[in-house]
Amino acid sequence: MRDTGGHRGRGLAKSIDWKLVICYLLLVLIGWANIYASIHSSEPASIFDFDSRSGKQFVWIVTALCIAAIILFALSPRIYEGLSVPIYIFVVALLIAVIFLGIEVKGSRSWFAFGPVRFQPAEISKISTSLLLATFMSQQGYRIGRAKDFIITALIILLPMLIIVLQSETGSALVYVGFIFMLYREGLSGWLIFLVGMAILSFILTLTASPFTAILVIAAVASLCICLYSGRFRFWLIACVPLIILMACVPAIMNAWTNSIIGPEGLEALAAAEGDFAAAGIAEPWTMKVKPLYILLGVLGLTTPFVAYLGYRERSIFTHLSLLSMIAGIVLVFSADFIFNEVLQDHQRKRIEVLLGMKEDPTGVGYNVNQSMIAIGSGGLFGKGYLNGTQTTYGFVPEQSTDFIFCTVGEEWGFMGSAFVIMLYVFLIWRIIRNAERSREAFTRIYGYCVACCIFMHLFINIGMTIGLMPVIGIPLPFVSYGGSSLWGFTALLFIFIALDRNEKKYF
Amino acid sequence: MKLNRENKLIIGLCTAAAILIAKLFSIQILDDKYKMDAENNSMVYSTIYPTRGIIHDRNGNILVGNKVAYDLLVTPKEVEDFDTLAFCEVLDVTPEFVREKMQEFYRNRRRIGYQSVIMIKQLPPETYMKFAEVAYKFPGFRGQARSIREYPFNAGGNLLGYVSEVDAAFLAKHPDEYKSGDYAGKTGIEAAREEELRGEKGYNIWLRNSRNKIESRYRDGEFDKEAVPGNDITTTIDAELQHYGQMLMANKVGSLVAIEPSTGEILTMVSSPGIDVDMLADIGQHYKEISTNPYKPMFNRAVQASYPPGSVFKLVNGLIGLEEGVLTPNTMYPCSMGYHFGKSKLGCHAHKSPINFEESIMMSCNAYYCYILRDLLENPKYKEIDEALDKWREYVMSFGFGQKLGSDFPSELGGFIPDSKYYNRYYRKGGWKATTVISLSIGQGEIGCTPLHLANLCATIANRGFYYTPHIIKDSEHVTIDPKYKEKHYTMVDTTHFPKVVGGMYRAVNSGYGSGGTASVAAVEGLDICGKTGTAQNPHGSDHSVFICFAPRDNPKIAVAAYVENGGFGATWAAPIASLLTEMYLTGEISKDRKNLEARILQGDLMDRVRVKK
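Chains as they are written, first to last, in the numbering used here: chain A, 3 to 510; chain B, 4 to 617.
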């Protein structure tokens, strides 16, 4: 580990973390080769043909390397801390301006067009946000637990996120959620991540199962947390679990009860009338009016004050917080339906529906994912060989050289190739985290974590999308996908960190 | 290792990566579904066309068979520079044609890609063989065998119908069964029995590589599907008789229909002028010529033309009269050159008077039938003439007139029999009486029927009172006909009345010249032909010549209707034609003393008499 030693005054070149740079170069070259593979059959030409995407990507790669060199050798790493506020303000201004001045691409206004060159400000807002976060959070006396600090931190993240949502680029905005991991490293309570996770889970449950199921799960988790915290796990097993199971059976019990009231002949008549009681000539039984959800809410309404009283007697703030979270969760469940139907846009709703299996739609939205999975799945262990992919060639897979570039990797290089690419990313992210942790300056550490979070979110969402783990969210695979903005953005993001890292090794 | 937050995050990172890799492992290695789907994506199906079913006649002769022709396919991407002149010479095409085609392919090169497209359709084998010898000089070109129709007998062009490539309108109607490039029967039997004849297409599956080139058979052809040939069909047609019928009707406009009375099977159905089978085989070339011919050869007169039946219809009126009891076979009526009512008269020709029922058929007396119709319509049994006429119509319809007979032949038309509503609309109610519609008695006026109706009438009389729906397809190995063709249809006239009519028809033919019988020309010794002439007046020129006959008198084997447009008297053209056909069917030859008659008919040319819009 000579290269990572902290000796003062190391040479320019030696102080750079070359392993990171090599990892970066590997990914960029893999991307370039696969962009060529994804387009070569429809436009057979040299990989350097500047009319084709591979040729253009070559240009982007060369310019990206120039940017990297400038960041490493021409710019002082000390400038970032001081410039982070103006850069952030400038980028936010760009983000807002693009809504009005940008061109519309696939339903979103997030691109500036200067003649043939297109540029997406959202790509550099990751850098500016990371820099400002690093600057703000590395100040003396910053404590994430303090409400004022936390709120400002949250605002720094949420402001660009919100503007990007306004550009109809919800996918890019989702990446900012990743900063939560950095916040966790910097001392944010793990409970917060847990609560966010629970919120997402109950949102999904509400949509796929029912609000009843979602609330039952929330109540079960809340009761488990309270019992675990106060050391009453056995009480939870004996008292709460049976109650939860009983509640889970309520819909079935109510249904059976309803059927016994109506009777077999009534059921037939009802089936004939397609469930219309009035048409079937049957009085609607009272069990139909009492929804299982009401019973569950009733039980919760009875038990919650009791638990709250216990918490008060034991002076347990945790109990009260848990109950509050549970109530917030229930409110969320009831608003989930509203959010899903009113707040989300059509295409986002469809993508979520397909992902959650609510709608089978192999030719519509699901078509992309299905074809992408076919391409990757057909690769097998070793793949079909470079330039021999058939699925990507015939154009079954959309956006082959940008968002779905991983299909070409999966088809032509197989499981070995795709696992290798994922391992490269894991190595890259791990290396960034490691270097960040070794850094003596909070600024470098925080910025490093921001970089790691961004790359991780892109990696997981993009590859998860191509193999059907995530909804179709159009964000690029860092360093690999075709596109100048994205490559430049990620190159700058990464190399600012490498420069910061090198700076420390050089002077300390 | 400490479980600090850094390490927790790294564990999280590894878990996330593990989830991605596990999912990749599952879809790339564990699950075969995606590989199969991918194969589906890269499979190319090449169609194997089935041979169409063969159409046999009733004696096992092949009416429609198949022969091989070759489509010349070209894969434009594989074509290199070639000697255009040599190419043109061997394939017998012009350089302009080749240039035009190649330019067309070049324009559509994006759509075509690496696919093959048809350049020349249906090359005869001889031409293709010449090409095959030098095919190595022309990379990118190859032949594809395709079976096309062949017609060993020049018989039944209109009947058989033609097969041609499906067009856009046809595809729109049958989106699932047919694809562009398929052939389908468009008219006649080919259309009516398309489902049996067409067979099932098969396919070979090939795999494309990433450059869209065909690389290999998919799993060595394990999943290929053989084409299933179409089912053969046996028609009720007698090929030789049909051919003879066409010769008899040559250069005349009209129809000749022969039915086997004991089964309702159509032995011969000629519509003249018709489509020659040579034209059928290559309908695309001749379509314009056929469709612009003023005599409309595509129009199948045997089932589509609506003619006045003429005196032949007297048989029906006579039978109805007997059934209704307005006369007996012995009823005598006078005729003085016609039937007189008020100041008008419906004329008749010179014959002895008075006459009885049989003689009225034999001599085809008009007046006799005016009496019958008048008695029918003024029958006191019915309150008013409306009711009487409708009853009469009901009788007539029971012979199959005025409606589609329901034969298995496509595009049959129903003809027309007027009812009281029709006349009430025409004359207002009460504004007409029996004498107004008196021409119905002799098959004139508002009656329309097809030659098939007349043949069916003849078969009904031959059967003494019932008929089987005429049909053209027989039961065979793969094809079972609708049971409705095996049901007897009785008329509303009691079967006991028919022998009198048969007697009259026998006497019309066999009484000898000078006896007053109208159809002596049709007599053949020993065949006991029974017939009835008709001479149908029409607004389109000379009278139509009509004749129906069956033979022999007992256990009749054939019932014939001949209808010759503008042929004049029934005895002039229709009777010889029908009797010659009958003679040929029953004896297989024409007797010596009738050779002259045959020669006159074969040479007869009435085309000039028929008025057409040219």
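Please keep in mind that the hints were generated in silico from the structure rather than gathered at the bench. Glycine is no exception: its CB is placed at the ideal position from the N, C-alpha and C atoms. One or more hints might be untrue.
Only part of the chain A face toward chain B is listed, based on derived beta-carbon distances under 7 Å [what the hints assert, rightly or not]: (1) 115; (2) 375; (3) 417; (4) 418; (5) 420; (6) 429; (7) 431; (8) 439; (9) 465.
Cut-off 27 Å, straight-line C-alpha distance, at most; resulting in silico cross-link-like pairs (DSSO-like, lysine-lysine) [said to hold, decoys possible]: (10) 355/B with 386/B; (11) 21/A with 11/B; (12) 352/A with 36/B; (13) 124/B with 352/A; (14) 38/B with 228/B; (15) 204/B with 189/B; (16) 407/B with 348/B; (17) 436/B with 348/B; (18) 228/B with 204/B.
Restraint status (C-alpha distance of residue 352/A to residue 36/B at most 27 Å): 25 Å, holds
Straight-line alpha-carbon gap residue 38/B to residue 228/B, limit 27 Å: Measuring from Cα to Cα gives roughly 21 Å; hence the hint holds.
Hint check: 7 Å Cβ-Cβ cutoff, residue 429/A to chain B: 10 Å, violated
Holds or violated: residue 124/B to residue 352/A, with C-alpha atoms at most 27 Å apart: Violated, because 49 Å separates the two Cα atoms, which is more than 27 Å.
When the least beta-carbon distance from residue 418/A to chain B is tested against 7 Å, hint result: 9 Å, violated
Minimum beta-carbon distance criterion (7 Å), residue 439/A to chain B: 5 Å, holds
Distance restraint between residue 436/B and residue 348/B, which requires alpha-carbon spacing of 27 Å or less: Roughly 15 Å separates the two Cα atoms, so the pair holds.
Pair hint outcome, residue 228/B versus residue 204/B [Cα-Cα no greater than 27 Å]: 8 Å, holds
27 Å limit on alpha-carbon distance, applied to hinted pair residue 407/B and residue 348/B: Outside the cut-off at roughly 34 Å; violated.
Hint status (Cβ of residue 417/A to nearest Cβ of chain B, threshold 7 Å): 4 Å, holds
Agreement of residue 21/A and residue 11/B with the hint, judged by alpha carbon distance not exceeding 27 Å: Satisfied, since the Cα-Cα distance of roughly 23 Å is no more than 27 Å.
Agreement of residue 355/B and residue 386/B with the hint, judged by alpha carbon distance not exceeding 27 Å: 36 Å, violated
Taken one by one, the earlier hints fail for this structure at numbers 1, 4, 6, 10, 13 and 16, listed in ascending order.
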